[in-house]
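Student: Please arrange chain H on chain F, whose structure you already have, making use of the hints.
Protein chains in written order, with the UniProt record's numbering: chain F, 1 to 754; chain H, 1 to 569.
Don't take each hint at face value.
Pairs of lysine-lysine, BS3-like flavour, derived with a Cα cap of 27 Å [claimed, not checked]:
{"id": "1", "chain 1": "H", "residue 1": "LYS395", "chain 2": "F", "residue 2": "LYS323"}
{"id": "2", "chain 1": "H", "residue 1": "LYS196", "chain 2": "H", "residue 2": "LYS137"}
{"id": "3", "chain 1": "F", "residue 1": "LYS323", "chain 2": "H", "residue 2": "LYS417"}
{"id": "4", "chain 1": "H", "residue 1": "LYS331", "chain 2": "F", "residue 2": "LYS160"}
{"id": "5", "chain 1": "H", "residue 1": "LYS395", "chain 2": "F", "residue 2": "LYS292"}
{"id": "6", "chain 1": "H", "residue 1": "LYS265", "chain 2": "H", "residue 2": "LYS34"}
{"id": "7", "chain 1": "H", "residue 1": "LYS331", "chain 2": "H", "residue 2": "LYS159"}
{"id": "8", "chain 1": "F", "residue 1": "LYS242", "chain 2": "H", "residue 2": "LYS137"}
Where chain H lies over chain F, by a calculated footprint (3+ residues, C-beta under 8 Å) [claimed, not checked]:
{"id": "9", "segment": "297 to 310"}
{"id": "10", "segment": "315 to 325"}
Don't read these hints as lab results, they were simulated from the structure.
Backbone N, C-alpha and C fix where the C-beta goes; we use that ideal spot for every residue, glycine too.
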Amino acid sequence: MTSAKEVTASSKKPITEMVTPYKLTVAILIRNYSQYREDDEFRNMEDEALRCRYRRDFSTLVLRLLQSPDLPLLELRNLLTSKHYTLPETLINSFDQTLASLDECGIGHLLDAAESLNKFMVPNDNANESKSFLTSTTSIIAKTSIVGYYLRRFIIHFDKLTFSEVAGIYEAFQRYYNEWRKSSEFLKTEKPHPNDWCSNWEQWSKRQAELFIATQAALLENKESSALSPPELQKRISSILKSNPDLAGAHFLSYLNYLRVDEFCAAMDSLLHCFDRNVDPDLKCFNDEKSKRHRFAALNLAILHYHFGHIEEALASLKESIKISQEANDNVCLQHALSWLCRLTTINEDKLIIHCILKSSELNLTYTTSLGLQTFGQYCCLHSGRTYAIFETLAKSDMINCQHNYNDLVSNNYSMKSSLWQLYGKTEMSSLWSQLLLYLNLNSSSSNKPFYGEGFCLAISNVANHLLIQGEYNLVNAVLGFAKLKFPYAPQSHVWMLCENLFVFTRSLYQEKWAEAESAAQKIAVVDKREGCLRLAEIYFYKQDYVEADRCVDALLDQYENDKAYKFNDRYYYVRAKILKAEIQFASSYPDGIPSGIITILNNCLIEAQGCQLDYQAALIHLHIANVMLLLGMTGQALRILDRSLIQVLGHGGCYDRARAKLLYAKCLVADSHKLDDNERRQVVFNAAKLLDGVREDFQKVEAYSRMKDVLYLQAQLYNSVNMRAERNRCALGYRLLDEEHATKNAYTLVKYL
Amino acid sequence: MDVLDVKLDLKTMKYDLIKGIYECSQRGLIHTVKWLSEMNYALNHVKPLPEEMPKYSEDCEGEMEEFLIAKSYFNLKEYDRCAHFVKECSNPKPRFLYLYARYLSIEKKKLDNMTDTNCPPDPTKNEALKDLCTELKIDYYDNKLDGYCLYLYGIILKKLDLLTLATDVFIKAVMLEPILWCAWYELGKIIPDKNKIYSSELPDHWIKYFFVAHTYLEQLNNDESLQIYNTLYSMGLENSTYIMSQIALGHHNRRKLDEAINMFKSILAVDPYRLDNLDTYSNLLYDLADLAHKVVNIDKYRVETCCVIGNYYSLRSDHPKAVLYFRRALKLNPQFLSAWTLMGHEYMEMKNTNAAIQSYRHAIEINARDYRAWYGLGQTYEILKMPNYCLYYYKKAQQLKPNDSRMVIALGEAYEKLDKTENALKCYYKACSLGDVEGTALIKLAKLYDKLNETENAAAAFTEFCLREEDKDVKFEEQAEFYNALQYLANYHLKKGELDDAYTYAYKCMECEETKEQGKALLKSIAARRIEQEPAQNVVINETIANMSIANEEATSSNMDIVFSPNAI
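The following block holds chain F by itself, in its conformation from the complex (with noise of 0.2 Å):
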């Protein structure tokens, strides 16, 4: 098989790289460090500081133009006089001065200077090469350095060259050393930026391409808002292509970077396109092995699909990777695709999750264990399950993120801890962790690299919704206002364009602009449909537009109580649905009548919402019947029920629903002190009447400018009942000027609602 072998040997080219006028112009400036270094200026300089100084300059400067692109020679010449690094003049001089005499001497200059680099490297082997560092008497540059690396390549390469080849290497050094000549007479105030990723030049060695790859795809994974902006990093792209056709990596490079615009066609263009050509032809290894690339290749189709919303293509090509994973015995994709399955797929959800983690701690994958982990709590948390152990759960995968340091992990950990409080009514805890979550990021001290992924920005945005519900509303659009600048793109902006809506939407719900209001809760719809459908109902309600109101409420009941397959377990949502529900039947009847069934219905959904430890719902729920037993006439029994609730409300609800309670419990404190004697009872009337001033102020924080009124409507009826003239007159006179700013469109809040 003489033949086969002679076309494998042909297929493989040999790694060669080009020897460019820029990596000349970079091995002299070495070399002429090097010579200046074995100067006598430099071994007798005084000034010990400045010397260390000038190595630290040097050494960062050239690994800064190892590892760039082919910069031209005018943006070169100015990071050595820029001000990032202190370079001895002397060696600017001499580098000047090399690069003239050889534009001038000709090609027998540039051989005898390719010649002269070996000079700096003496070969030292592990002996000495400490001794000899230290004394730096000959030898300056390490061969084992990268520097050495980097000029024993060039001067073999250099070494390889034709005369023919070292002929157009010295003429394309010309036109480098003219065009820098030329330009510089006409722009020397222009300043790069010292960390700009070369503007834009075309030719990129293997290398320079491959970490530039590297970076980029880094920052999108850590921190997008440092990456390039699409259209710019997909223009490096295609200049890289088009000096590596064979570098894979930039197909799936330009693939995240459209997803990161949505591009359907283009991404999938590029992902196959990356796994067409990253495949090695000249593997010979065994059928399993080789088919690996297909196998991740149908996985990350499946993530494709996933991310565009295509669940049905994701699952057929997740089938597809599953299935020749397992012809292939292929244990640790088959895990990757199981924890894609459980994201995909709703049935045996559990087992799927359960038989994932312990499939991959066995495997030894952490992170797709820890994934799993995090996964499970939250489908406990979903389902319902005991808190502790959907904590416990989360602790064991925050142990295994703390081994293996994964950053993304810790995050997404945090930020679903908050959600868990959030969801459990504890929203001063869900704010810490959030916080925490932000303090990681911030803490420079420690080991970590800062991530700045998914969870960060659901930090952000958990931030910003616990000060909106605080009325914090300008401290809200500036926290947004971050978020929009650190996350611009899809899908992380989906978070924060929730938040935004939301704080919009309250905003004026409060302040009842009813059209504003619906049009925020339309675009809340988009990014979270439940979550839009509830708040539609909600304005409708407020509106008194009952039946609206009760047409969106029942589509989400039928739809959880209906639909199955619907992923819709979230009891959460089903719980707001049923209380906004009973509420609708409530205000639709008073007060002609109050519906016969409404304390057993939202009874019912006292049982859902504890069952599943919704407190916070739980004490909103027992509001509304305190609420229902005040306007029945059980007014004891009201405060009763109140005493139970009032306390989480007050320590874990927002501004609104803390003065909501308290003008609650300030009606029953009055009405109950009905049995009291008259003076008992001015007393109470008093206090609760100073008490609604509380309440009044939460209002006017919220700038919920109706309910204010309505506080200081009661409040005068209060101050009349007790005779205090000045005391009614200063809130009737409130009263009246706030009615001039704010017109009431809802007259009943006061009377029938919460």
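Tutor: Below, chain H alone, put in the same frame as chain F:
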């Protein structure tokens, strides 16, 4: 001028050709001279009178000496030297020679440097070409370029990937010099689609027919192209090897293999040492040994030669050697598309899927419209048992060649594997309506219906299949399939109680060894059913007419004899 309404005045044509040959050979445009001369040769029978011959006028006033020396250096491929001597000339002819020599010098050096393995030239670096382009640009905006220089400007723009600009420049060039075939040719390569041909303003010249037909063929509008070529062919150009080979290509693209082969044969009879397009010819033949021998003697360093030899080894199932030759072809011309695709096929044969994928991808990177490469990629992934993954590739291939039933069938098969029967059915239907080149769509359709238990549809498809099979000249290529279909139909009709039809089909089953036994069994059960049916009829029919029923029984028994007679043999 409607391109389909072809009118040729052979005398004008001849006049133009002779003039063109002179002008182009003066300027060193050798390929155009070749094409024009071939055309002129085809018009051998037209004998113009001496006064109808074009008059050559000397148009190098005062620069004759410079031009002549430069032209001689040009002919010797010493381009730099040539350019040096006509540097100062202002007449259009030496001026063109100067620019053209510079361009060729750049290209030649680039080609020479390709062999430098240590420091291959960077394809993106085109300093010299850019300089030349700038020079031409200045003249272009001063309207100083004649048709020839415009052509040169166009190819430089094309080299620099400025395609839209290049299109405009080529159009201008052919407006000025309609005879300049090379400009037409380049224009045809970069013109994006059919509509653009009509929307651009092109000169009314007989050469336009050739251009339109050529471009149609490039864009795989085979039928339109063939129509024009056939008309041209019949209008006094039947000796033109160029037109013949274009017609052959058109037939090849339309899978009319016999016509294509015949056409190639007649070309080789006229012009035995012609190598152009022979790689396509080699795709058509089953015995390549002679052809391979012939071409290797003509010129062994031609891409066409390498492809022919590669195809030859491929037919001999010596796939590693075939790959070797395709590789050689690619070394000679890395942009030679079909070699990449063919190499992909060879790797597929060698079960080296990874290398096959790479080869196909290379082909696509060169030309994303190469449907065979997309199709090949799809097949590769299908072999790797990734039917879902290969869908994308088949879809691409099908988009590029929407009227080819093979792509649709491949797509249908993939769908069938994924249990997307509805899509699969649609694909097979479409394939049937597209003419079904390989004749497998119907049987696949029928089988799929059968799988879905839609017996009515399955039977209809099987029937259609059998009818078509019987109509074919070469009978029963797919013996087994055909007899299975017959058997199915026999069973079907038997179940429905249509005994006569069942009988016909079952009887046909007996013609083949494999289905003979089943055929016999079927005939038996048909006979049994007949017996069953007869008494049943008897019950229904008036019992009082007992005599008749007895007579009936007799008739049945006599029938049975006939039925069982083959059994006895």
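Student: With a cut-off of 27 Å on the C-alpha distance, tell me whether H:LYS331 and H:LYS159 pass.
Tutor: 20 Å, holds
Student: Take the C-alpha atoms of H:LYS196 and H:LYS137, compute the straight-line distance between them, and say whether it is at most 27 Å.
Tutor: 24 Å, holds
Student: What's the verdict on F:LYS323 and H:LYS417, does the C-alpha distance respect the 27 Å limit or exceed it?
Tutor: 13 Å, holds
Student: Residue count check for the segment 315 to 325 of chain F against chain H: does it reach three with CB-CB under 8 Å?
Tutor: holds (count 6)
Student: Tell me if the straight-line CA distance from H:LYS331 to F:LYS160 falls inside 27 Å.
Tutor: 22 Å, holds
Student: For the segment 297 to 310 of chain F, do at least 3 residues have a Cβ located nearer than 8 Å to some Cβ of chain H?
Tutor: With 3 residues close enough to chain H, the hint holds.
Student: Taking 27 Å as the top limit, are the C-alpha atoms of H:LYS395 and F:LYS292 close enough?
Tutor: Judged against 27 Å, a Cα distance of about 24 Å means the pair holds.
Student: Has the given pair, H:LYS395 with F:LYS323, been kept, meaning a C-alpha gap of at most 27 Å?
Tutor: 22 Å, holds
Student: Verify the proposed pairing of H:LYS265 with H:LYS34, using a straight-line Cα cut of 27 Å.
Tutor: 21 Å, holds
Student: Could you grab the alpha-carbon distance between F:LYS242 and H:LYS137 and see if it respects the 27 Å cut-off?
Tutor: Given pair F:LYS242, H:LYS137 holds - Cα atoms ~25 Å apart, limit 27 Å.
Comparing the model with each earlier hint shows no violations; every hint is respected.
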